[in-house]
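If you're matching them up, the sequences are chains A and B in order.
Note that the working numbering gives residue 109 to position 109 of the first sequence, counting from 1, and the numbers run on in steps of one.
In the working numbering, each residue carries its 1-based index in the second sequence increased by 1000.
Heads up, a few of these hints could be off.
[Stated by the list, open to error] Restricting the straight-line Cα-Cα distance to at most 27 Å, the calculated cross-link-like pairs of lysine-lysine (DSSO-like) are:
#  : chain 1 : residue 1 : chain 2 : residue 2
1  : B       : 1111      : B       : 1123
2  : A       : 143       : A       : 171
3  : A       : 171       : B       : 1179
4  : A       : 188       : B       : 1013
5  : A       : 153       : A       : 143
6  : A       : 153       : A       : 171
7  : A       : 188       : A       : 153
8  : B       : 1226      : A       : 171
9  : B       : 1119      : B       : 1211
10 : A       : 188       : B       : 1111
11 : A       : 143       : B       : 1179
12 : A       : 143       : B       : 1119
13 : A       : 143       : B       : 1184
14 : A       : 188       : B       : 1179
15 : B       : 1179      : B       : 1111
16 : A       : 188       : A       : 171
17 : A       : 188       : B       : 1184
18 : B       : 1226      : B       : 1211
19 : B       : 1218      : B       : 1234
20 : A       : 171       : B       : 1184
21 : B       : 1081      : B       : 1211
22 : A       : 6         : A       : 113
23 : A       : 188       : B       : 1119
24 : B       : 1010      : B       : 1119
25 : B       : 1211      : A       : 143
26 : A       : 171       : B       : 1119
27 : B       : 1081      : B       : 1229
28 : B       : 1013      : B       : 1211
29 : B       : 1010      : B       : 1218
30 : B       : 1234      : B       : 1081
31 : A       : 143       : A       : 188
32 : A       : 143       : B       : 1111
33 : A       : 171       : A       : 148
Because the hints were derived from the structure by calculation, they are not lab data.
All values derive from a computational prediction rather than experimental measurement.
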Amino acid sequence: MSRKDKYRIALIEPSEIIAAGIASIIERHPDFVVEQTLNSPDYFNTGSDIDIIIINPCVIDYNDRFDVRTYFTGTNAAIVALTHNNLEENVLRQYNECIGTYDNASRIIQKLKNAIEENEQNPRSDINELSSRERDILAAVAKGLTNKEIADKFNISIYTVISHRRNISQKLGINSIPGLTVYAIMNKLVDMSDIG
Amino acid sequence: MSNKETIYNKRMKVADLLASDGNLLSILQRLDIRLGFGEATVADLCTRYGISAELFLIICNIYSFREYQPQVDSLGENDIKSITTYLRASHRYYTSICFPTIHNSIHLLVKELDEVSRKLIDKFYDDYDNEVSNHFRYEEDVVFPYIESLFVKGDMKKYSISQFEHNHSNIGEKLNDLKNIITKYLGEEYSNPLRFELLNDIYSVENDLRKHSLIENKLLIPLVEKLEKQYEQKG
Chain A
1 MSRKDKYRIA
11 LIEPSEIIAA
21 GIASIIERHP
31 DFVVEQTLNS
41 PDYFNTGSDI
51 DIIIINPCVI
61 DYNDRFDVRT
71 YFTGTNAAIV
81 ALTHNNLEEN
91 VLRQYNECIG
101 TYDNASRIIQ
111 KLKNAIEENE
121 QNPRSDINEL
131 SSRERDILAA
141 VAKGLTNKEI
151 ADKFNISIYT
161 VISHRRNISQ
171 KLGINSIPGL
181 TVYAIMNKLV
191 DMSDIG
Chain B
1001 MSNKETIYNK
1011 RMKVADLLAS
1021 DGNLLSILQR
1031 LDIRLGFGEA
1041 TVADLCTRYG
1051 ISAELFLIIC
1061 NIYSFREYQP
1071 QVDSLGENDI
1081 KSITTYLRAS
1091 HRYYTSICFP
1101 TIHNSIHLLV
1111 KELDEVSRKL
1121 IDKFYDDYDN
1131 EVSNHFRYEE
1141 DVVFPYIESL
1151 FVKGDMKKYS
1161 ISQFEHNHSN
1171 IGEKLNDLKN
1181 IITKYLGEEY
1191 SNPLRFELLN
1201 DIYSVENDLR
1211 KHSLIENKLL
1221 IPLVEKLEKQ
1231 YEQKG
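Construct the complete structure from the given sequences, taking the supplied hints into account.
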């Protein structure tokens, strides 16, 4: 397999020891290559052609723990959790697979293959449609709430609000607040009487 | 592609210029050039209307060729006034011809809508209309007089052209939103011919506004900056 045919991986793990360990295990296998090693999702380059994102859920802001996909819109990559300890089941459900630090090499590879397969079988058909969270946030924008107010209302970080808003505008092709308001009312996300 | 490498030149007949690119028609329209000019060349017509032929060709090139990069080396003080005159004429063209046509189509289209959507789109458009008028008024009342005053003694320090770029908000954004709302989110039950007509008008004014900002950003601003520098050096 040439480098081009390999599954390309982005590894987001703050511990250098663990990152180096996982990378060396993965790269022993001919089908996988680690393209990026980062310690925060903020540095993830969405333009890159990545097949699997392996991420330690600890690097996600606690308030955003159920919204890991908002950090990686614009990519169809499978997302795999890399956990050092036990995490809430609800948090792990959004990942395609979960690798633990006690998994051996063959199990890690198996899990990566499962993740790819599962991701291909369940394409996110909604990639161009608004998620229910995005619809809620759009309604709040139309009602005239600020980013800070929206963050408080949904108990998420401002960073996530901004990233939701960017995704909403990208999906709809509508950037201005008045334009978004028109959309929200036409689609009955808010009532005309709610608009200030 | 620079000024010298393009196919347009002063000895060309204006009729041939138009034949090669119909989009140039709107330039003549906003310069109030009367049709029926027979075999007049670019040079003839520009002399008759008191327009710099060189500047006229630069503007034609901006409209016709996407990759064209205007150069300000050969332009001087005298051209500034011609550029602001052209930009003012352009504003008039938008506000008296393009936007009323769009507004009219929107009025006809929203007649078919329920009251809520009608009010909404009407308001959206009215707000946009205001925003654009304010933008044009700001340029005509503040920016252009400053630029023109650069050549009159003593009125130099109030303003610098570098501020212009900050104030130069993107008025294309809302047009783009409107386009997407009409294309994607007004249901199939609404009049198709009307919508196509409206979208055609929006696309064409959008394109024209892009050229308009290009004239401001790539021609007017660099030229004024060049002159500002010359004045500073003179002290």
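Contradicted hints - numbers only
4, 8, 9, 24 and 25
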